[in-house]
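Participant: Each chain is listed here by its residues.
There are 2 protein chains.
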Amino acid sequence: MSDLIPVPEARIRPVILSGGAGTRLWPLSTTDRPKQFLPLVGPTSLLAQTFERTRDPVLFSPPLVICGERHLDQVRATAADAGTDEVRLIAEPAARNTAAAVALAVLSARHDEELLLILPSDHHIADPAGFRATVDAARAGAAAGLIVTFGMRPTRVETGFGYVESGPAIAGLVRRAVRFVEKPDAATARAMIESGDYLWNGGIFLATVATFRAGFEAHSPDILAAVGAALAARAGDQMVPDRAAFEQVRAVAFDHAVMEKFDRIGVIPSDFGWSDVGSWLAAFEHAARDAEGNSVEAGSTVLSGTGNLLRSTGPRLIALGVEGLMLLATDEVVLVAPLSEAQRVREAAAWFAANPAS
Amino acid sequence: MSDLIPVPEARIRPVILSGGAGTRLWPLSTTDRPKQFLPLVGPTSLLAQTFERTRDPVLFSPPLVICGERHLDQVRATAADAGTDEVRLIAEPAARNTAAAVALAVLSARHDEELLLILPSDHHIADPAGFRATVDAARAGAAAGLIVTFGMRPTRVETGFGYVESGPAIAGLVRRAVRFVEKPDAATARAMIESGDYLWNGGIFLATVATFRAGFEAHSPDILAAVGAALAARAGDQMVPDRAAFEQVRAVAFDHAVMEKFDRIGVIPSDFGWSDVGSWLAAFEHAARDAEGNSVEAGSTVLSGTGNLLRSTGPRLIALGVEGLMLLATDEVVLVAPLSEAQRVREAAAWFAANPAS
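Going line by line, the protein sequences match chains R and H.
Per my numbering, residue 1 is the first one in the first sequence, and the count goes up by one each step.
Per my numbering, residue 1001 is the first one in the second sequence, and the count goes up by one each step.
Since the hints were made in silico from the structure, they are not lab data.
Incorrect hints may appear among the rest.
To be verified - Which stretches of chain H does chain R cover? Using the computed rule of at least three CB atoms under 8 Å from a CB of chain R, they are:
{"#": "1", "segment": "1172–1181"}
{"#": "2", "segment": "1293–1303"}
{"#": "3", "segment": "1310–1321"}
{"#": "4", "segment": "1324–1338"}
As the list claims (entries may be wrong) - Label pairs and their in silico Cβ distance ranges:
{"#": "5", "chain 1": "R", "residue 1": "P356", "chain 2": "H", "residue 2": "T1306", "range": "55 to 61 Å"}
{"#": "6", "chain 1": "R", "residue 1": "D331", "chain 2": "H", "residue 2": "D1056", "range": "38 to 44 Å"}
{"#": "7", "chain 1": "R", "residue 1": "D85", "chain 2": "H", "residue 2": "D1081", "range": "34 to 40 Å"}
{"#": "8", "chain 1": "R", "residue 1": "E297", "chain 2": "H", "residue 2": "D1056", "range": "49 to 55 Å"}
As the list claims (entries may be wrong) - Calculated Cβ distances over 10 Å to all of chain H for the following chain R residues:
{"#": "9", "residue": "P62"}
{"#": "10", "residue": "R70"}
{"#": "11", "residue": "A95"}
{"#": "12", "residue": "A233"}
{"#": "13", "residue": "K261"}
{"#": "14", "residue": "P269"}
{"#": "15", "residue": "L281"}
{"#": "16", "residue": "A287"}
{"#": "17", "residue": "R316"}
{"#": "18", "residue": "T330"}
{"#": "19", "residue": "D331"}
{"#": "20", "residue": "E332"}
{"#": "21", "residue": "R344"}
No residue lacks a Cβ here, since even glycine has one placed at the ideal position from N, Cα and C.
All chains, full assembly: derive it from the sequences and hints.
Facilitator: In C-alpha cells, the structure reads:
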C-alpha cells in the first residue's frame, strides 16, 4: 500500500467561524444565542445559510466549524437542519478572537497544501452562486502563495468597516493588496471610495495551510505556539483545546495579527451581495419584504403601515398604523424604535442589563 | 331575645360587579384575566381600587362581589392584596349581563331596607373622597324610594355612552331622571351636552333592596323569578347558583331591564373623575405620566420619546425614539400602534384569534 501516492485534496475546506457574540442585534442576539443562530434575513439562520452556500461537492469538502463550547448543540442542530451531514467541530473553551480560530484551523488541517476558506458564520450573502464563483477564481491567488481576502465594492460611506486598497493584478482576478485602513473617518472613507481602489475587507480569507502558517510565523508566532500548546494539552475530548492553555492565547483579530503585516496578501474584487448584518437596519435592508415594504415572520403581522421590521423569538407581534419601526421581542424584553435609530440598540441593551426586573 | 328590636343597618352595601370580559383592552384584557384585574391606571388593578374606594367603615359595610366562577381566586387574591378582609362572594356559573347580577344582590340581601350600591369593578375614579361624598348625598334619593344613578358631567362628544336627562330636584342633590338616551349619534350627543341637562350614565346605582325589587317586579319580573329559581336550586356550595337554572335567566343590562322604564329613578350630578377606561387611550389619559408624558410601569422604560403608553403582563418593554405609541405585551402577543388608533384594538384581537400560531 505504501507505493500509492496520496491524491492531493483539490477541494476547499470551509472553516466557519462561529465564535462571535455581538450585541448589535439585541435583544434577539444574546450570549446564549448569538446572531449567527437567528433567522435575521430569510427563514433560516445566518449559520444555516453559511452551510448552504458552502455545500458544493466539487468545490468544497465538508466544513470545519470553530465555535464557542456553549454553542456546540446549536451548531450541530443547525448543520442537521441545513442538511449538512458531515461537519467537523472544534469548540473553543474561551473566546480569543479570530486569530486563535484561524490558528486552530491551520493546526487541525490534514496537510500543508489543503486550501482553507475562512468565513464568518454571521454574514449574509445575497448571491451564493456568485460567492462560489468568486471563491473558485480566488484559487489562483492561493496557488501563488497568497492569503486572498475578498474585497467588497463599497456601496456607502461606511466608517465601521476595514478597507483594503487593491493594486495590480497578480493571478487571474486576484490583485495585490496594497494596504489596509481600519475604520476610517467619514472624509477618509469618502476619498477612498472615490479613488475606486478601495474595497471593504469582508473577513473572508482563502489560502493554503502553508501560507496561513507562514503568515503566523512571520507576524504572530506566539499565537500559533499557544494554540498548539492548548491542542497538545487537551484531554480525551478531541474537540476542545485545554482551557487553561487556550486562555493564554493572545486575543486579537486575524486581520491585525497577520493580514495587515504579511507581504503575501491578495484581494479579489467581489460582488456577491455581501452584508455583515451589523444592525437591524442592515437586516431589514437585506430581508425579504412584502408589498407594503414590511419584513415580518410567520405568526406575526402588520395590519396597516409600511416599512416595518418585526422579529421575535418569543411572543407573536402585531403592528397597526405605524411606519418605519422595528419591533423586536424575546420572552424577556420587547424593544420598539424607528429603524433609523437602529444604532441605539446598545443603549437599550445597556439599560436592560443595568435595570434587572424587580 | 325576641323582644330586642333589630337595629337597621345604616351602612351601604357595595355590590361590586366583576362579570365583564371585554376586548377593548386587548391584549392584556382576556377572558381569563379581564380588565378589572389589570393595573391599567396606577400600580393596582381597577378592582383593587374599587375595594379601596369603598373601604369606609362609617359609610360602607363589607362588599358583596358578583363575579364569574372562573375568577373567584383572582377576586379573593385582589381583596386580600387590597386589605379588604371581609368580602362576600357570589359566583355566576354563566355570564347573564348586569340585570341578573343586580337580582342576585337583591335576593341575597339581609332585609328590605338595606341600601345597595351597585358599582362596576372596571372603572376608574380619580377622586375617591368625592365619590364617597356623592354616594352619601345620594342616600336622600334612596330614602325617598328612588333608584339613584350617578350622572357624570360630559367632557367630550361621546357616542359610545348612555346619557340621562336630569330634571328638577327631588331630594337634596338628587334630581328626577327624565329619560335615558343610549349611544346617540354625534349630533344628538352634541345637542344634549349643550343643553346642560344631560349627564353620562355611569352604571352606578344606589337604592334600597325594596326599591330595586319593585323595579324588577314592575318591568322584569322574569329575571327576578329565574334568578330566584337558580338560587333555590343550588347545591351545597352557597356561592354558586345552579348552572342550568341560571343559564335560563334573560341576559340583559340592568339599564334596559329596569332603569329605562321604572318611574322612580333619580340622578345625582357627579364630578369625581369617572372613566370607564373603555380604551387604551382612556387608560393613558387617566394614568400617571412622567415628565416626558409617558406612562410606564416599573421594569419598563422609554429611553427617549414622549406621550407613549407601555403596559405588559409578560416581557419588559423598552421604547426608544417614538411618540404617541401604545406598546402592549403579554407572554403570547405584542401590539404596537399609535394611541390615536386605540379603537382598532379589536382588529388586532380578531386577527390574532383567526391566525393561530403555526
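Participant: Tell me if the beta carbons of R/D331 and H/D1056 are separated by a distance inside 38 to 44 Å.
Facilitator: holds, 43 Å
Participant: Report holds or violated for chain R covering the segment 1293–1303 of chain H, Cβ cut-off 8 Å, minimum 3 residues.
Facilitator: Held - the segment 1293–1303 of chain H has 4 residues with a Cβ nearer than 8 Å to chain R, which meets the minimum of three.
Participant: Are all beta-carbon distances from R/A95 to chain H longer than 10 Å?
Facilitator: Non-interface label stands for R/A95: nearest chain H Cβ at 27 Å, farther than 10 Å.
Participant: Please count how many residues of the segment 1310–1321 of chain H have a CB within 8 Å of a CB from chain R and say whether that reaches 3.
Facilitator: holds (count 9)
Participant: According to the definition I'm using, a residue is off the interface if its beta carbon is farther than 10 Å from all beta carbons of the partner; does R/K261 meet that for chain H?
Facilitator: holds, 41 Å
Participant: Using C-beta distances, would you say chain R covers the segment 1324–1338 of chain H, given that this needs three or more residues below 8 Å?
Facilitator: holds (count 12)
Participant: For R/P269, which was marked as not at the interface, is the minimum beta-carbon distance to chain H over 10 Å?
Facilitator: holds, 38 Å
Participant: R/R70: least C-beta distance to chain H exceeds 10 Å?
Facilitator: At about 23 Å from chain H, R/R70 clears the 10 Å cut-off, so the statement holds.
Participant: Grab the minimum beta-carbon distance between R/R316 and chain H and tell me whether it stays above 10 Å.
Facilitator: Given a closest Cβ separation of 5 Å, the condition is violated.
Participant: Quick one: work out the minimum CB distance from R/P62 to chain H and report holds if it exceeds 10 Å, violated otherwise.
Facilitator: holds, 32 Å
Participant: Please verify that the nearest CB of chain H lies beyond 10 Å from R/L281's CB.
Facilitator: The assertion about R/L281 holds, with a minimum of 13 Å to chain H.
Participant: For R/D331, is the shortest beta carbon distance to chain H beyond 10 Å?
Facilitator: violated, 6 Å
Hints 1, 5, 7, 17, 18, 19, 20, 21, counting from the list given before, are not met by this structure.
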